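Enquirer: Chains A and B are the protein sequences, given in the same order.
Take 35 as the starting number for the first sequence in our numbering and just add one per residue.
Take 20 as the starting number for the second sequence in our numbering and just add one per residue.
I should point out that these hints are in silico values taken from the structure, not numbers from a laboratory.
Predicted model only: the values in this text are computed from it and were never measured.
Check each hint, because a few of them may be wrong.
Restraint ranges, calculated between C-beta atoms of paired labels, are given here [claimed, not checked]:
1) A:47 - B:137: 47 to 57 Å
2) A:389 - B:113: 27 to 37 Å
3) A:54 - B:24: 27 to 37 Å
We put the beta carbon where it would ideally sit given N, CA and C, even for glycine.
Next come the chains, spelled out residue by residue.
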Amino acid sequence: MGRRTPLYQQHLNAGAKIVDFAGWDMPINYGSQIEEHNQVRQAAGVFDVSHMTVVDVSGTDAQRYLRHLLANDVARLKEPGQALYSAMLRTDGGVSDDLIVYRMSFGYRIVVNCATRDKDLAWMNSQTDGFEVAVTERPDLAILAVHGPSSIETASALLDQTTGEAVAGLKNFRGEELGDLFVARTGYTGEKGVEFIVPAEDAAELWDQLLAAQVKPVGLGARDTLRLEAGMNLYGQDMDESTSPVVSNMAQTIAFEPADRDFIGRAAVTDDLAAQAQGNLPELIGLVLEGRGVLRAGQAVSTDRGEGQITSGSYSPTLKHSIALARIPTGSTTCQVDIRGSVTEVRIVKPNFVRFGKKVFE
Amino acid sequence: MSKIIEDLRYTESHEWVSVDDNGIATVGISDHAQEALGDIVFVELPELGATVNAREEVAVVESVKAASDVYSPLSGEVTEINEALLDAPETVNASPYDNGWFFKIAISDGVELDELMDADAYADHCDDD
Numbered sequence: 035m036g037r038r039t040p041l042y043q044q045h046l047n048a049g050a051k052i053v054d055f056a057g058w059d060m061p062i063n064y065g066s067q068i069e070e071h072n073q074v075r076q077a078a079g080v081f082d083v084s085h086m087t088v089v090d091v092s093g094t095d096a097q098r099y100l101r102h103l104l105a106n107d108v109a110r111l112k113e114p115g116q117a118l119y120s121a122m123l124r125t126d127g128g129v130s131d132d133l134i135v136y137r138m139s140f141g142y143r144i145v146v147n148c149a150t151r152d153k154d155l156a157w158m159n160s161q162t163d164g165f166e167v168a169v170t171e172r173p174d175l176a177i178l179a180v181h182g183p184s185s186i187e188t189a190s191a192l193l194d195q196t197t198g199e200a201v202a203g204l205k206n207f208r209g210e211e212l213g214d215l216f217v218a219r220t221g222y223t224g225e226k227g228v229e230f231i232v233p234a235e236d237a238a239e240l241w242d243q244l245l246a247a248q249v250k251p252v253g254l255g256a257r258d259t260l261r262l263e264a265g266m267n268l269y270g271q272d273m274d275e276s277t278s279p280v281v282s283n284m285a286q287t288i289a290f291e292p293a294d295r296d297f298i299g300r301a302a303v304t305d306d307l308a309a310q311a312q313g314n315l316p317e318l319i320g321l322v323l324e325g326r327g328v329l330r331a332g333q334a335v336s337t338d339r340g341e342g343q344i345t346s347g348s349y350s351p352t353l354k355h356s357i358a359l360a361r362i363p364t365g366s367t368t369c370q371v372d373i374r375g376s377v378t379e380v381r382i383v384k385p386n387f388v389r390f391g392k393k394v395f396e
Numbered sequence: 020m021s022k023i024i025e026d027l028r029y030t031e032s033h034e035w036v037s038v039d040d041n042g043i044a045t046v047g048i049s050d051h052a053q054e055a056l057g058d059i060v061f062v063e064l065p066e067l068g069a070t071v072n073a074r075e076e077v078a079v080v081e082s083v084k085a086a087s088d089v090y091s092p093l094s095g096e097v098t099e100i101n102e103a104l105l106d107a108p109e110t111v112n113a114s115p116y117d118n119g120w121f122f123k124i125a126i127s128d129g130v131e132l133d134e135l136m137d138a139d140a141y142a143d144h145c146d147d148d
């Protein structure tokens, strides 16, 4: 038996197929992954992402510490509730994780991946020397992500008036602390929606209320196809410790300005950026296969500039054909993939396929 | 628990076969197989008139999760293919034993049929999976 979130019984009640996910017993689907995917694109779905690790950072040096630890710059977060996506880099520039950081009344709240929990906490704790800072894991919290075109309207109607109005009024990438509830307009689907970070003991009631309001449960299977359509990277698949953010379509999330901010990995990624501009490092792009067949992670591709590899691939339920992320030589214009012995031409596009239910690439 | 039909024969690779009085075998994949694959998004079928051998890869199912080969349970000639699956592959999920059939073959070796599992043996095989 693996670790279980406070919503495990709710998953069983909803008919979940439970699988092991990095040591956690998690719902992969509740029947049909495609139906759950379409539910999020067309109405509203709820995901239990309580397996993800919440880490609170407080202390007088919290900002100075995170400006050193993270590739993006938390000084951009001017007021409590604001959110930022960032890579956490190793000294050699490898991506040790990707995360969301929120500015909070007490300091900062960071949500990191579950599979990287142990090494992330060890790394964060190893970097506190010289900073007056406390790094505290919050396993007592649960996370429910509610996403889809009707998600905010439906979710805010369930809450008490003050909370409901606060949720309805949130701007994208903004959150608000409401007592022991934290809610933010962030997510991993390319649809609008909110994430609720709540005390573990309150999670089941919120879940049940959402389901009673016709928000459907969505498993990790659909979470993966939704994020792929949105062109969002999955840690451990599209990037990891062996890859620079520069070759992982994450350069725009690195804050190089101000030039005197000394963040971990800065020298390495500065070199990587120059090398890529010379064509000496690959890039992460999108691939589209409009014919039959499905692109899969690990498949080799060849371009007019050399060899590459698919890092994430699947069938897109919204587009009804296959899409993928692939790392290929920078500047490639044509690409072929070998699908079970047959060489197939695929199209190179920007790594962003679907936003707000609509196709976005040319 | 997935559904297993009493009168069919089954392979270890999760195809089912039903043979009519004229020696025409209808082939599909079991409920257990479609459930394990998840949502099916593409199906490739054998060519009409092709001669196939038992245990030969003759079709492919691609689900959201993975691609999987379909093996012919018996030797013979392909007499019919279920072209409806090309446009509606989800039929395999919805109706694996009826509308979700894959192809039919005129069997050339009746003895091969005896080597396939009956429903009880297949149920045990699925439990071992």
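Enquirer: Tell me the hint numbers this structure goes against, listed in increasing order.
Expert: The structure breaks only hint 1.
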